[in-house]
Amino acid sequence: MMSRRKNERPWELKVTWTLSLAMLLLVFGFFYQSFQEMLQIAPVQVAVERLSGPATPDEPENVEPDNN
Amino acid sequence: MTDPIDSPPPAGELPAEPSRGFPWRAVLEGVAWTLLVAAFIIGQIAARPDYEKMLKQALPGETLVGSDANVTLPFVYRIEGKDDVVIIAAGEGYGGPLVVGVRARRTEDGGRLAEALMLSHKETPAFMERLHRGNFFRQFGGKEVSDNFIVGDDIDAVSGATISARGLTSAMRNAVHLGAVNHLKLEPTWQQPGWIFGVNEAVLVLLFVLAFVAGYRKDKIGKYAALTVTVGALVFIGFYANVSLSLANIAGIFMGYIPSLRQHPMWWIMMIGVLGSIVAMGRNIYCQRLCPFMVVQDLAQKVSGVKLKIDSRFQRRARTLIFSLSWVALMLIFLTAHPALGSYEPFAMMFSLEGLGIQWYILPASILGSLFVPRFWCRLFCPVGLYLNEIVRLRRKIRTAFSRKAVGGN
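Protein chains in written order, with the numbering used here: chain A, 1 to 68; chain B, 1001 to 1410.
Think of the hints as simulated: they come from the structure by calculation, not from any bench. Positions of the beta carbon are idealized from the N, C-alpha and C atoms, including for glycine. One should not assume that every hint holds.
[What the hints assert, rightly or not] Simulated DEER-style distance windows between Cβ atoms:
id: 1; chain 1: A; residue 1: Leu24; chain 2: B; residue 2: Gln1044; range: 41 to 49 Å
id: 2; chain 1: A; residue 1: Leu25; chain 2: B; residue 2: Ser1304; range: 18 to 26 Å
id: 3; chain 1: A; residue 1: Leu25; chain 2: B; residue 2: Ala1069; range: 47 to 55 Å
id: 4; chain 1: A; residue 1: Trp11; chain 2: B; residue 2: Val1407; range: 45 to 53 Å
id: 5; chain 1: A; residue 1: Leu24; chain 2: B; residue 2: Leu1394; range: 46 to 54 Å
id: 6; chain 1: B; residue 1: Leu1261; chain 2: A; residue 2: Leu24; range: 54 to 62 Å
id: 7; chain 1: A; residue 1: Leu21; chain 2: B; residue 2: Gly1152; range: 45 to 53 Å
id: 8; chain 1: A; residue 1: Leu21; chain 2: B; residue 2: Ala1401; range: 35 to 43 Å
[Said to hold, decoys possible] Once the Cα atoms are required to be at most 25 Å apart in a straight line, the calculated DSS-like pairs of lysine-lysine come out as:
id: 9; chain 1: B; residue 1: Lys1056; chain 2: B; residue 2: Lys1082
id: 10; chain 1: B; residue 1: Lys1309; chain 2: A; residue 2: Lys14
id: 11; chain 1: B; residue 1: Lys1218; chain 2: B; residue 2: Lys1302
id: 12; chain 1: A; residue 1: Lys14; chain 2: B; residue 2: Lys1302
id: 13; chain 1: B; residue 1: Lys1223; chain 2: B; residue 2: Lys1307
id: 14; chain 1: A; residue 1: Lys14; chain 2: B; residue 2: Lys1307
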């Protein structure tokens, strides 16, 4: 039993390593994505998002959010 | 199954190595801390948005006349040649302040909300997506300035983004009502928001109580409590309220984003419950019982039936890895003053099913990992678990030091 477990360990470790490395790559990908977003957030260009359009009595109301 | 989180936290640093000349580790740690502090300071200075510039950009063709009192929020602007007022005000979201610009217009019977602009927010993108999809923003179209602007009254929240919805609504309310009183000279007829302590808050408190019961009683009652907490964590903390703890919460505290108890009691219940259980009992009750993503991983592991082991050396290396990842994340967060930007956990995405870019891959990868390694994310990647266990360790150290002192004193 003991020897079987010993034999299993490298295999288990390899799978764990592979999964961990894959996840690590994804997390670094997330950081890269966040970094790109950070570069876009220049002081003036912070997202200005219209929640509702101008609602004057003469114009039809436009309340569709526009994600610009 | 032995609860890996229940076991004593991993033994601190990597095995103490004998001194071999230059103390690289200490230097590295020093540099890391210095950079974090520098990033924090830079972020606080550089990430301060120029709201007036943003307003001018958003309202082309309008001449804004600001007040001398526009030093700290709220800011008030008149629009030259028109009977409109634009107010910039903030509310408290889940990740930090939410800032909106609101244009109020005089009408025959008072005033109405003519336009609203979101100028900045610190929310997790998934929450904002949820608000968009839930048509939350539509509710503000054409509202009277004398309306209450209270979630649960004249504004409906969106399930899974309740705190963001409340934060945004409070920002709108602060702005609109200020404009109504100061510029449109209306008498306040609207209601003030009261203490928000309803069913949701009561359920969260109940879950904490049951988690304590489950932790201390090993009889039938303890088992029922544990089962209820497991289901409650997944359904309520996860899918319904979506209030999992994340690195963004921890970083937000450092950055002073602490919401008011009156408006965000859920945040306070969570923090007091989690930190209180550590301080009072030395137990990380959140990771042991209440984390909904832990429940998801346990379910995945039960489905697969596979339990690959992680040896202690690997686990210790993983601990260093989590510290390194959270350092990178904190650098991003501090530089941008935006807690959600560095929060790499898949929680918000899992429970709102909204995500951006690569987040869509982190979630399935973490579930795939937990099909093979029990609590894969908790043990190898979760910064919240690591930091909470660090606080547990700190408490133990302090306690041991005090008991030694007491014994020495006797």
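Going through the hints against the structure:
1. Between Leu24/A and Gln1044/B the CB atoms are about 30 Å apart, so this pair departs from the stated range of 41 to 49 Å.
2. In this structure, Leu25/A and Ser1304/B meet the distance hint of 18 to 26 Å, their C-beta atoms being roughly 22 Å apart.
3. Evaluation of the 47 to 55 Å hint for Leu25/A and Ala1069/B yields a pass: the beta carbon distance comes to about 51 Å.
4. Range check, Trp11/A to Val1407/B: about 48 Å between beta-carbon atoms, so the 45 to 53 Å window is met.
5. Leu24/A and Leu1394/B have their C-beta atoms about 27 Å apart, which leaves the hinted 46 to 54 Å range violated.
6. The hinted range of 54 to 62 Å is not satisfied by Leu1261/B and Leu24/A, whose Cβ atoms lie roughly 39 Å apart.
7. Between Leu21/A and Gly1152/B, the C-beta spacing of about 47 Å keeps the proposed range 45 to 53 Å intact.
8. Taken as a hint, the range 35 to 43 Å holds for the pair Leu21/A and Ala1401/B, whose Cβ atoms sit roughly 39 Å apart.
9. Restraint check for Lys1056/B and Lys1082/B: the C-alpha separation of about 15 Å stays at or below 25 Å, so the hint holds.
10. Distance restraint check for Lys1309/B and Lys14/A: the Cα-Cα separation of roughly 11 Å lies within the 25 Å cut-off, and the hinted pair is therefore satisfied.
11. As the CA atoms of Lys1218/B and Lys1302/B are separated by approximately 22 Å, the hinted pair is consistent with the 25 Å bound.
12. Of the pairs offered as hints, the one joining Lys14/A and Lys1302/B holds, with about 22 Å between alpha carbons and a cut-off of 25 Å not exceeded.
13. For a cut-off of 25 Å, the pair hint linking Lys1223/B to Lys1307/B stands: about 23 Å separates their Cα positions.
14. Between Lys14/A and Lys1307/B the CA atoms are separated by roughly 14 Å; this keeps the pair inside 25 Å, and the hint holds.
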